[in-house]
Amino acid sequence: MKSRLSLLADPMIAVLILATVLALVLPAAGALRETAQTVSNTGIFVLFLVNGMRIARGEIARGLANWRFFAPLFLWVFGAMALSGLGFSLLAQWALPPLVALGFLYLGTLPSTIQSATSYTSLARGNVALSVVGAALINIAGVFLTAPLFAALGGGSAADIGSETIVRIGLILILPFLIGQALQGWTIGWLKERKAQVAWLDRMVIGIAVYVAFSGAVEQGLATMFGFAEWAALLGLVIAFLIVGTGGAWLTGGLFRYPRADRIAFLFAGAQKSVAIGAPLAAILFPPDVAGFVIAPLLLYHLLQLVCAAPLASMLAGRQEGAD
Numbered sequence: 001m002k003s004r005l006s007l008l009a010d011p012m013i014a015v016l017i018l019a020t021v022l023a024l025v026l027p028a029a030g031a032l033r034e035t036a037q038t039v040s041n042t043g044i045f046v047l048f049l050v051n052g053m054r055i056a057r058g059e060i061a062r063g064l065a066n067w068r069f070f071a072p073l074f075l076w077v078f079g080a081m082a083l084s085g086l087g088f089s090l091l092a093q094w095a096l097p098p099l100v101a102l103g104f105l106y107l108g109t110l111p112s113t114i115q116s117a118t119s120y121t122s123l124a125r126g127n128v129a130l131s132v133v134g135a136a137l138i139n140i141a142g143v144f145l146t147a148p149l150f151a152a153l154g155g156g157s158a159a160d161i162g163s164e165t166i167v168r169i170g171l172i173l174i175l176p177f178l179i180g181q182a183l184q185g186w187t188i189g190w191l192k193e194r195k196a197q198v199a200w201l202d203r204m205v206i207g208i209a210v211y212v213a214f215s216g217a218v219e220q221g222l223a224t225m226f227g228f229a230e231w232a233a234l235l236g237l238v239i240a241f242l243i244v245g246t247g248g249a250w251l252t253g254g255l256f257r258y259p260r261a262d263r264i265a266f267l268f269a270g271a272q273k274s275v276a277i278g279a280p281l282a283a284i285l286f287p288p289d290v291a292g293f294v295i296a297p298l299l300l301y302h303l304l305q306l307v308c309a310a311p312l313a314s315m316l317a318g319r320q321e322g323a324d
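According to my numbering, the sequence shown is numbered sequentially starting from 1.
Worth flagging that the hints you see were computed from the coordinates, not collected in a lab.
Wrong hints could be hidden among the right ones.
[Unchecked claim] DEER-style ranges, computed between Cβ atoms: (1) Gly185 / Leu32: 34 to 44 Å; (2) Val46 / Gln93: 32 to 42 Å; (3) Glu34 / Ile243: 15 to 25 Å; (4) Gly227 / Arg68: 22 to 32 Å; (5) Leu304 / Pro148: 32 to 42 Å.
Keep in mind the model is a prediction, meaning the values are calculated, not measured.
All C-beta atoms, glycine included, are put in the ideal place defined by N, C-alpha and C.
Given only the sequences and the hints, what does the whole structure look like? Please build it.
Next comes the structure, spelled out in structure tokens:
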């Protein structure tokens, strides 16, 4: 297969790097932070409205019917990966600031990606239909499950999921998604014709959320808090977590004796983590001076998963060609 995906081919990487660098050089502070937070919340509302419009209700229904694939996928993403995140969070406390260590738990409770999981499943010659529906269902569930799961596993050190936070999640994430589902019959065709513009809406909203989060962390001394040893520890732990997620998802697919194409779909839908959910949700759950620290493992994981996914998908496709 000549088609290849690469790290440089994904504009999301450039958006994340630009948002991070801009926060380091020109952080949003004072009145500017409040304005940036308002813009971010508005963008998140629009993003989830569009998500509700473009995820077909028929796909959701078909996915729920295929319980043999999706029940283990849910248990892997919100069970095994969440518990792994808790373990890595406890381990990271020995080497990293507490809020950054807590970020591994947050990372573990997040849903998987949709776009890249589907793209790499296609490249690896996996079951694309299962990947699309699986990642979509996991993302929908993540809107409802990530915050309470994170709070339950994190205990007193996690976010305070009180009534005010629940209302914010309902108004900014869940309400627009439900409105989008209700409007879907009139909008899904229009959105399909504008995939490129919708993709850039995703990227810009995520970029703004990352910028606001890291601006708060920079004001709290993020740049001076991390030395070489801390950066090395963070990188090593994220790599280890990625190995656990990828290897565990592949072995779990084998344990359930899925056909190879389904096993590949399980691999990418189960191991990849969504910055599209993680960054906006962090902006709602945490104040800006906390969110930047918590999402640090997520951003590094997202970069590394794209670095590793392209050669992994190519290798799986090559083996499949050899078997044909």
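* Asked: So which hints don't hold here, by number, going up?
  -> Violated hints: 3, 4, 5; rest satisfied.
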